Amino acid sequence: MSTILNPLYYAVSWVIVTFHSILGFLVGKNSHESFKWSASIIGLVVLIRIILIPLFVKQIKSQRALTALQPKMKEIQKRYKDDRQKQSEEMMKLYREHKTNPLASCFPILAQAPIFFALFTVLNGIAKNHPHGLLKGAHLISAQQAKFFGANLSSSFLSTHTDTQTKIVTVLLILFMSATTFTTQRQLMVKGMPKMDASNNMMLQQQKIMLYVFPVIFAVSGVNFPVGVLIYWSTTNLWTLGQQFYVIKRNPTPGSPAYEELQAKRAAKGLTNPPAASAGSTEISDSANNGANKESGENGSATRQRQQPKKKKKK
Amino acid sequence: MKKLITAPIKFYQKWISPSFAPKCKYYPSCSQYAVDAISEYGFKGIALSIWRLVRCNPWSHGGVDYVKPRSDLKTQFNESHKNHKNLAGVTK
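Respectively, the protein sequence lines represent chains A and B.
In this text, residue positions in the first sequence follow numbering that gives the first Met the number 0: the first is 0, and each later residue adds one.
In this text, residue positions in the second sequence follow numbering that gives the first Met the number 0: the first is 0, and each later residue adds one.
With the rest of the complex left out, here is chain A:
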């Protein structure tokens, strides 16, 4: 197991050590060690999320292409009103047919788990004087003393010899993580998701219960994690919140309350309404395209999908 994860320990510790030395140039080579180590962990999050931005842009683009499919989506929703399973099955078929899929996909989220685990091991190693990757020697000694608002980066609530300051900071970070997750979920539920029919209301109700499950999960795991891992987790949550806020404001999912709000705002400003206009016209062009697709096969719809975002930019 460690041979598989060893490269990851090196990668994670390399990023942290590199950020640490870059910050050394900015704030002084041998001072502000606590700030430098904390900021390096935040830097790791920022770097990972920046690398993931292209994927996120790709998703937004396919979400925009979805406006063209809206009439068909509504038809599916109507036809399988009482069977949510069938509804999502048909929806996936539709996406596949048109070679567009607005969903983010599962793999990137799971791929982040080993990084999280590597950071956990590296930070735990600092506390246990067990170096991993490049965090060794002088770096290890310096990191061992680093604090975040007075709490040792490498100690956790439940570890032995934990001072009160660390406990207070841990609790505050757990509260912060819960608050950011809560806000993210609430925003998504209230504004970000398409309005649903009666059968989906049940799920909405269920989601409301879920809002209280996360603080418990954070609390149980948070007391076992070193403060540095909690900083990583908090920063990721904050980034997710900001990113979702941006999407809901600027690129809401078609059919969601935020989408309608944006439409109304655009209409009020007297702007031409690009999504609505294209949605209206595609009903005709869609059927025409379907005819063409039967002849040209899948290639026809593939080129059509690729051209769609470009068309909108011109407008």
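Please keep in mind that the hints were generated in silico from the structure rather than gathered at the bench.
It is possible that part of the hints are untrue.
[As the list claims (entries may be wrong)] DSS-like cross-link-like pairs, simulated, lysine-lysine; straight-line CA separation at most 27 angstroms:
#1 B:9 / A:85
#2 A:71 / A:248
#3 A:60 / A:98
#4 A:190 / B:13
#5 B:22 / A:77
Every value quoted in this text rests on a predicted model; they were computed, and no experiment measured them.
Chain A is fixed; fit chain B onto it per the hints.
Then chain B, alone, in the frame of chain A:
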């Protein structure tokens, strides 16, 4: 044993997944696929689930993708086997 492996996935489905925006590009979702695959194939199902997760990436188009029932594979195999025999018989 199968139940032990699928229990955390079911916990995820019930308590964690509903509070996030749906992300899976496939139907059934990757987690449901994993539950189905493991209850159908046991340990081999874990490999199938990992392969499905890898396929559920930003460049895939997703779609409908069920776990193939074991009996299907068997009959398929048997049929192809028979056909093979028949063909062999023909060539003889």
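So, going through the hints one by one against the coordinates:
1. Proximity of residue 9 of chain B to residue 85 of chain A is assessed by CA-CA distance (about 20 angstroms); at most 27 angstroms being required, the pair is judged to hold.
2. Our distance criterion of 27 angstroms between C-alpha atoms is met by residue 71 of chain A and residue 248 of chain A, whose separation comes to about 25 angstroms.
3. Annotation: proposed proximity of residue 60 of chain A to residue 98 of chain A holds, straight-line Cα distance about 13 angstroms (limit 27 angstroms).
4. The hinted pair formed by residue 190 of chain A and residue 13 of chain B meets the criterion: a straight-line CA distance of about 23 angstroms does not exceed 27 angstroms.
5. For the hint pairing residue 22 of chain B with residue 77 of chain A, the CA-to-CA distance comes to about 23 angstroms; that is within 27 angstroms, so the pair holds.
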